[in-house]
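*Asks:* This is what each chain is made of:
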Amino acid sequence: GPKVLQIPSHQIIDMGQMVTLNCDPVSNHLYFYWYKQILGQQMEFLVNFYNGKVMEKSKLFKDQFSVERPDGSYFTLKIQPTALEDSAVYFCASSSYRGNQAPLFGEGTRLSVL
Amino acid sequence: GQQVQQSPASLVLQEGENAELQCNFSTSLNSMQWFYQRPEGSLVSLFYNPSGTKQSGRLTSTTVIKERRSSLHISSSQITDSGTYLCAMGDNYAQGLTFGLGTRVSVFP
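Protein chains in written order, with the working numbering: chain A, 1 to 114; chain B, 1 to 109.
Check before you lean on any hint, since a few could be wrong.
To be verified - Covered by chain A, according to a simulated footprint, are these stretches of chain B (three or more residues, beta-carbon under 8 Å): (1) 23-35; (2) 43-49; (3) 98-105.
Don't read these hints as lab results, they were simulated from the structure. Here a beta-carbon is modelled for each residue, glycine too, at the ideal position from N, C-alpha and C.
Starting from the given sequences, assemble the full structure and let the hints guide the process.
*Replies:* Dropping the structure here:
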């Protein structure tokens, strides 16, 4: 079946550097999401994106975060600059906005900020 | 805001035992999902079940909206069922989901 792919599965980066997490959503989906899960803690919503715009974001979506999907390619989450507390697993999801279809989640990208 | 409570927090089973996991939510919903999170962290979607009962193999999900609860039943547990089970709800599938803290299941021979 259709899948949401996240690339890479693990990324290690030095504090202060920029990182871009990539998500390849399901091709006919219209809504895109990022979630954050710190090790051992609750999965938390970061942001959703529709029609080229951020529709909703949580308080975890700091000013250092940005999302985009240029020309229908990857849906990306950029963090610039990174901080130690950004270490977490980031999950991407996409949805077709149909009443009987749930958002599909990727397997996550583990970000380690050193 | 929305709150999702899962119980129990952890569960230890002997292989072959059944288990019932609970999820209670504080507000009305249009979206309810159950996920299995592997020990290494990746997510597997189990059910999208905003109402009623759904079954897949040894797993059954039942959501009762007016009681604001959903359950996940595991029958004849296997060692490979070990991991964390998450429930998540949303008012609108176009918005973000609110997740519970999960139930950590450990199945031993």
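*Asks:* Hint by hint, say whether it matches the structure.
*Replies:* For each hint, the structure was consulted:
Beta-carbon proximity to chain A at under 8 Å applies to 3 residues in the stretch 23-35 of chain B; the threshold of 3 is reached and the given coverage holds. Against chain A, the stretch 43-49 of chain B contributes 3 residues with a C-beta closer than 8 Å to a partner C-beta. That satisfies the three-residue criterion, and the hint holds. Coverage of the stretch 98-105 of chain B by chain A holds [criterion: at least 3 residues with CB-CB distance below 8 Å; count 5].
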